[in-house]
Amino acid sequence: MTTNAAGDRSAERLALRPPAHRVSPRAGWYWFATALAGWLVVAAVLVAALVLDWPVPPWKGPLLASTALIASVHVSVMPRWRLRVHRWELTDTAVYTRSGWWTQEWRIAPLNRVQTVDSSRGPIARLFRLTELTVTTASAAGPIKIEGLDDSVAARLAADITAAAGATGDDAT
Amino acid sequence: MTDRPANDVDLESPWRRLSAGMLLVEPVREVIRFIPMLLVLLVAGATGDGGPPWGLLGTGLVVALGIIRYLTTRYRITPAVVEIRRGLLQRRHLTVPRDRIRTIDVSAHPLQRLLRLVRVDIGTGSSQPHAASVRLDGLPAVSVPGLRAELLHRTTGASRPARPAVAAPDGAAEVELTRLRPGWIALAPATLSGVVTGAVLIGFGFRLLYRARLDPAELGPVREALGFLQGHSVWLDVGLAAATILILVALLSVAGYVISYWGFRLVRHTGGTLQVSRGLLTTRSTSVAERRLRGVQRREPLVLRWARGARLHAVATGLRRTGGEGGEGGGSSLLMPPAPVADVLGVESTVLGDERPTNAPLAEHGPAARRRRYTRALAGAAGFAAVLAALTWWTGLPAPLYPIWVAIALIGALLLAADRYRNLGHALVDRHLVVRLGSLHRRRTVLAIDGVIGVTIRQSPFQRRAGLMTVIATTAAGSQHYDIPDLPRTVAIDLTRALVPASRPLIRRRSPYPTS
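In order, the protein sequences belong to chains A and C. Residue numbers 0 to 172, in numbering that gives the first Met the number 0, belong to the letters of the first sequence in order. Residue numbers 0 to 515, in numbering that gives the first Met the number 0, belong to the letters of the second sequence in order.
No lab work stands behind these hints: they were computed from the structure. Some hints could be false.
With the C-beta cut set under 7 Å, the calculated list includes, among others, these residues of chain C facing chain A [to be verified]:
1) S142
2) G453
3) T455
4) A475
5) H480
6) I492
7) V499
8) I506
Since we're looking at a predicted model, the values are computed, not measured. By construction, the Cβ of each residue, glycine as well, lies at the ideal position given by its N, Cα and C atoms.
Use the sequences and the hints to build the structure in full.
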């Protein structure tokens, strides 16, 4: 199976199909809330800088304006974009996800290489009854994260992955 | 590495202590480490600083800790596990299943060598960067061949008793793949390792002078040199300074090379390990189980490449990731020090047991990837030009020089982009993935597909417009992931299919003709 330069455009075109399932629609609000929280921290720093009259940014007006612009675009665009991108699927042989917004990532982890399945709920995620699943392999670079899963879906998925992964042995270490 | 109670353990294996020689080695070593500080104190006068002698106190503390460590450490090796107990207040009991042991790293600094002691680091397959290290500092050197055979060569039937201290080195069971040739040392200046050493030395020197409250300009030789320089033209001065620095860097590089790699040998044991030994003062020898070897990486930094040299590293699980004293990070251990490419290629083929991955021609990534190399390099040059323009505007750098700098940056960017594209390539050969990338730090990785755990495909909006994808093969070995940047979409997915068979159901074919 050799791969040829620049792809044999005439022969065939390959594409990854999107994973089957979307994340919970509430995930959009979750991403909105986390982004907002992050920007509130930035805003607090800026306000503190203004109030305490730090000389660090010499051009206060433009700085505030551009920060506000970037923040509002990020907060309004990012969650919707992520909702369109984030998807997951458990096939017979692999865990398959798509994530990101600006830069997008497809991750494939064969089930026989899965080592652990962690589920975690942060304080903000709990507000929206969402769970994040992390599927780890023996590679430090390879954990697959599925954000914004409905709690019940996440519990079922974690059990399914664990059961499927337990079947086989070699983790390629 | 688990803390489970070992129930399948041979309870009769005795707990051992580290060698008592360490009681001598540790304090002496700490005192030697303290010598530079003593020097400063002597030069500056003991009363100069006034404060309490923190350095002395610290040394005393470290010595005490070392003695406590010796007194509280016990280890034993049973047919199933290696166990280490240590700690005075917080007791730790570390149990390593023997079948998890991937590498053994044996080192000895000069003091330990005098007393025939070694430090043994046992590497497991753990990818956790903070996993507790399994280290036995202070074993008798005679026990090493036996220990190595016992832990890595897996000649053991489970019933065979573990007796690490007595087994004899069977010399016939090893094949030497290569050893240091004196000619290689000529490549040392091309490694530029002397730059770092030089910077450290200069920094240390200035600190010494500062602590001693000396003005370098008042020292005799320095004053003479300055006086000499003032008598000549600027260009001569610049030339002289450059020549001095070059010679100094070259000398330091050679010294560094000799200290690190003297006595270098690469040996294959029939038991299934590769062993690298090296070092002039501190000797170090690393054994890697070949079953855990997932590939090799050839590194050719630009200057070394110009000198037709290269280094070779193993891509294996269980190697120390932070590099420690050896200084090689990235979780891969050295297989060949900087050496002529021809020698490196030979060793690479021998280690892989196959010369096809080494010599395979690589597929180019196509015109879109080439354009991307140029866009990125030129964007960098543009950024440089903008910053420089701003600096010229505000701080009044000499404006006439501006076009010259920008021209240099532009030419550099174009050369860099061309070289980066020329080097970029990949191939699938005989169940191995081969990737080459980079320019200033070119590296060519051969990775066994069996060692690939999963695949990540990444695409930025710019890549999407160009129809490119970056494929990232994740693995438990080496640097944990190896990237193949900017592949055309179809090639990327084809490669994914080859790397991870489980991805096949996720791939669909599209008609090459646009659907109407």
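Inset, instruction - Kindly indicate which numbered hints from before are broken by the structure, ordering the numbers from low to high. - result: Number 1 only.
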